[in-house]
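Read top to bottom, the protein sequences are chains A and B. The opening position of the first sequence corresponds to residue 1 in this note's numbering, with each subsequent residue numbered one higher. The opening position of the second sequence corresponds to residue 118 in this note's numbering, with each subsequent residue numbered one higher.
Source of the hints: derived by calculation from the structure; they are not laboratory data. Where is the CB? At the ideal position from N, CA and C, for every residue including glycine. Mixed in with the good hints, there may be bad ones.
Stated by the list, open to error - Partner residues are not named here, just some residues of chain B that face chain A (Cβ under 10 Å, in silico):
1. Leu141
2. Glu144
3. Met148
4. Glu170
5. Ala181
6. Leu182
7. Ser196
8. Leu199
9. Ala200
Each chain, written out:
There are 2 protein chains.
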Amino acid sequence: MEKQPHCECEVIHADVVQAVKQQLLGEETYMSLATLFKLFGDSTRVQILHALEQHELCVCDLAALLGMTKSAISHQLKSLRLARLVKYRRDGQNVYYSLADDHVKKIIDMGCEHISE
Amino acid sequence: MEKQPHCECEVIHADVVQAVKQQLLGEETYMSLATLFKLFGDSTRVQILHALEQHELCVCDLAALLGMTKSAISHQLKSLRLARLVKYRRDGQNVYYSLADDHVKKIIDMGCEHISE
DNA sequence: TCAACAGTTGAATATCTGTTCAACCATTTG
DNA sequence: CAAATGGTTGAACAGATATTCAACTGTTGA
């Protein structure tokens, strides 16, 4: 996660490197992107997201669906919630989760396309 | 990464769970998706990918651009190579890397859209 | 052939991350 | 109010992962 330690080599193509550097986004942007994609980088979480893509579900439903404990699911939902990938509503004892926006679907679809090439 | 340990709770909405289950993809598909997205889930790697989106670059260029050692960059490129996200060509002492297909760009763009909402 | 440099690799280390466990809060129902 | 159930939380542990380091390969040019 650290950056600028040092670079032991010479720049081979100074001009190209300079040009590309102009196009690069800020440090924090790459951090945010990584943080976002990290959430898709776990089979439990993608599965949760893909399930919620089909229908809103409560924690117990998800636990049953994935064969996992409510606790494990709840921990993962918390991460997804903090990243605003899912939203929730409480109805009685149940908390229903659903996707926060459709970027999630688009990203998963794009991933599916890539792996099925 | 493990699955079916047990679920301590009852299924609340058996019908919905059943319906969603039908729509779910295979276990291995979610694994593959997670493996793919995990590669985008590191700021060094997204930065490499985003840089290569602009122009093909050799390892030294990337090292200089990101302020990291050639070794660190090379290790990451290996992961990206194995996942067929980047391709490379050797020219003399230099090895030039570039994006393997345009899903990479689409996925990163989608990510940018999400974080800039 | 040898030196120099680009790049790769494997082992080691420090850090991060996912699940479990136990305790807890929230809501409903008797 | 008490019991039952859905859900959340924090600490702890095990497994994964990114960078470093040192050794190595491959290519060029003297």
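Checklist entry - For this structure, which hints from the list above don't hold up? => result 7 and 8
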